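Trainee: Read off the chains here:
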Amino acid sequence: MIFKRHKKLCLSIGCVLLALLVLAMVCLGIFFRLGSRLESQQAAERFQGESQERFAQVSAYFPATGGVTEQDIWTFRQTVDQKLLDVSLEAEGSEALYADAYSAQGEIAVEGSRGRATAPVIAVGGDFFLFHPLQLRCGSYISQSDLMHDRVVLDEELAWKLFGGVELAGLTVEINGEPYVIAGVVQREKDSASEEAYTLGGGLYMHYDRFNAIKETKISCYELVCANPISGFALDIVKERFAAADCVENSARFKIEQCAENVINFGSRTLKTDGVIHPYWESAARMMENRQAAALVLFVIFIILPLIGAIAAIVILLKAAKGKIRRELPEQMEKFSQRRWEKRAAKEE
Amino acid sequence: MNEKKKNRGWVKNVAIIFLVVLLFLTFFSNTIMNRSLPEVSVKYAESGSITTQIRGTGTIEAVDTYQVTIKESRKIKSVAVSPGQQVAAGDLLFVLSEGDSDELAAAKEALETLELSYQKALITNEAEYDYTRQERAITKLEKQINETDALRRDYLVSAEVYKKATDAVKTAEDAVNVAQVKYDQAAKDLKAAESDFEVVSPGNTDGGAVTAAMNALEAARKALSDAENTLETNTLLYGAHYTIVENAAKSEIMASDEYLTLTTDSEREAFINQKLGVYMDYVVTRDHKGTDIETSYNTLTANKKAVADAKAAVNSAKAALDNAVVNQQAGNQNQLNYLYYLQNLEGAKATEEVMAKLLSDAKKTLENAKGEVSALDEKKDSYKKYTDTIEGLQENLEDAKFELEQQKKEDEKAQKLTALDMQALRNDIAKARENVEKISTGTAGGEIYSEVNGIVKSVNITSGGMTEYNQTLAAIEVVDRGYCATMSVTAEQAKKVTVGDFANVSTGWWGGSDITARLTSVRNDPANPREKRLLVFDISGGGVESGTQISLSIGERSRSYDVIVPNSALRSDANGDFVYIVTAKPSPLGNRYSATRIDVQVLAKDDVNAAVSGGISAYDYVITTSTKPIENNMLIRMAES
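Heads up: the protein sequence lines correspond to chains A and B, in order.
Our numbering applies: residue 148 is where the first sequence begins, and numbers increase by one.
Our numbering applies: residue -13 is where the second sequence begins, and numbers increase by one.
The shape of chain A in the complex, shown without the other chains:
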């Protein structure tokens, strides 16, 4: 009745609520989409593959004044092996229960056939490109297991600057007077957060031990993807060993609980007292977290009215239905009874 009486009003309200609902769904969609946008935060899913084991990705960022060395990494790997053994987890055959990578940042002069540049360099070790699967334009990635560590990976911008092209696999650049072979050329991340976070220009990736031999630099970032039999297992291992570092569980950061916590601590999130300078991918991830938090807030805002409207409509409908039933039920019952009586009579006849 009320809908019939206020048809236009109800329609208008319905459209508004529908619009708000759509917006809420869009925000929800954006929320989940943002969570899977950054490939650098999806290493756990990639590493898990078809395994039944749970995995978690953890990153540790060290203060500018105190990084770690390769020797610390070797020691930590032994710790991880032991911790996994303590919970009865042991890799069989070619399986692996964890993979890691480490990196340091700096600058280096590099010369190609067409020019030279002082380029930002990310000195990498371990399986860095498992965590950062940048799209290859040519060639292949570099890894610690490579026999020769005189290979580098350029990004497109630097490749254009030094050679004027991107098909450069096998060519040579000169760094610190020594030749280095180009293993591949990669395309940087295309998501908006990474584009916004990375402002250094054309850069390259080279083996950490070679870079350290040229310019002694401590490792500033360590990433680990590890079997996670219980929540927080991998994070605790990293925190225990690298107490001074800023440790983050990447695989849990875009979940709704973490997002809700980010919303609550939104004001203090940017407060940094540990002297850690995050690499661009972590800055991009934090940017995504902020956006995700905003999407969650908008979702909550947008869903409130439709929810209230839906509840109100249900209540009204229930009431109307109740009245109608009370009114028409006896009449209908009588009509039904009469029809049955007539049928029966017709049958008897």
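Don't take every hint at face value.
To be verified - Pairwise CB distance ranges (calculated): (1) B:Val49 / A:Trp221: 36 to 46 Å; (2) B:Asp500 / A:Gly422: 54 to 64 Å; (3) B:Ser544 / A:Trp221: 27 to 37 Å.
Claimed, not checked - Computed far set for chain A versus chain B, every beta-carbon distance over 10 Å: (4) Gln195; (5) Leu244; (6) Leu277; (7) Arg284.
Hints were generated in silico from the structure; no laboratory data involved.
Fair warning: this is a prediction, and the values are worked out from it, not measured in the lab.
The beta carbon of each residue, even a glycine, is placed where N, CA and C say it ideally should be.
Given chain A, work out where chain B should sit, using these hints.
Mentor: Using the frame of chain A, we list chain B on its own:
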């Protein structure tokens, strides 16, 4: 009715729109879907070879470099060569200024100092070792010991003798005891006899005759006792002389004819007793007249006579007493008793006197025995004192000998050490002389010549400069021995190369060169012998110059494999290594492609490709790269190229 038409019209419009959209999506679904799918680039898996390249850099240097050094401080007058110049053995390199070098002067001074020290040492160490004083002291001690031992011998008391003396004392004591007992008994008997006699004394029945006779008997006994004492005393004094006379007389008697006619011992003894007095008088008169022997003999003879007379007097007195008693006792019924008790008394007195004498003799014997023992004890004490003295002297003697021995050993040691020092000094002097000679002859003529053929690599001094001891003046590369280059690699990389392999050489990153490099050895890198190895290459060819920086690339011997994929196609996760191959499925709207995971094992790897084995075969399409992450069985679209 119109309202119904409007309702149907609305539905019709919606249905039309729906169908149009459906058709649109159907025709363009492939395109739309393709746009949303990840785009991948693929490559064939094919057979081929894997060649691992080990790359690095090194610097060319001569295998042998001759260092021209100088062993003294001299001024360089002129430098005859320059870097890069070719020289032959015997070519002039440097001209030195004249004069002694500082090293030669210092060497000469050192030699003089050593020679002076040697002379002083010769004088100081002329030691003479004299042991006369010590030997004299030892001899003195030995003499003292011998003398003391000789003195000691006089006081040696054998155990037998001492035992005999102590036994004699014991025997004498026993004899004294026995005599004492007997004397006591005799005294007791005398007392009893006296008391018995007093009862029956003739003084009861008689008067003075018996008493007088008794008194006379008593006096006679006293006179006898005195005479016996006198005799005993004189016997001690003159017994020896008397014995001499007695023995002489006996000899005379035994030499007489009458004696010789006697046959039995008793006859002979009786004859001797009979004639002894006369012969003794005769012997004294004949042999000892006017001597002490005569005096002694006469004295003793008189004493004996006095004793005999006294005995006779006693007997007479006894007889007189007996007569008196008999006369007195004629009418006395106790006469026999009186005589009996008188006899008893006489006997008891006589026994008492004998026992007293025996006791006295026993006591004297005991006293003598004790004296003997006492004397022996004194001798023993003296012997012990001498023994102690000898022991003390012996100890001193041994100390003196030991000290002398030690002194000799010390002196011998000192002598040996001195000899060693002197020898060392002589050796130092010889070395110093050699050094002077060497320095003197080292730069004869003040010129330095090359000893090898080669190219002067560097000249480290200029004209007018002052050299230092052991300074390298120039380095000459001995080109005849060739050139080499070293490259540091990891132990893992070193395993991939084989000695004898050739390496590619480039002198700049812009290209190759005519230089050839052959691996001649692999050894530990001194900088990090645990983890690093040094590859040593023999360098030859055109344009080889020492100091040239070269890049070397040496490969492991190629091996062929059935399936080789690009490194970018190789992926890994918790389940191991794998690749994605493209699987095509036909569909009404065209082929649909999906990515299929194939687990593989990496057999070998180089910079570009990896040899794998597993569920992949040659000519499978492997996905090398994609625009988005792909998963197993995910739909994909191929890159347009």
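Trainee: Hint by hint, which ones does this structure get wrong, listed from lowest number up?
Mentor: 4, 5, 6 and 7
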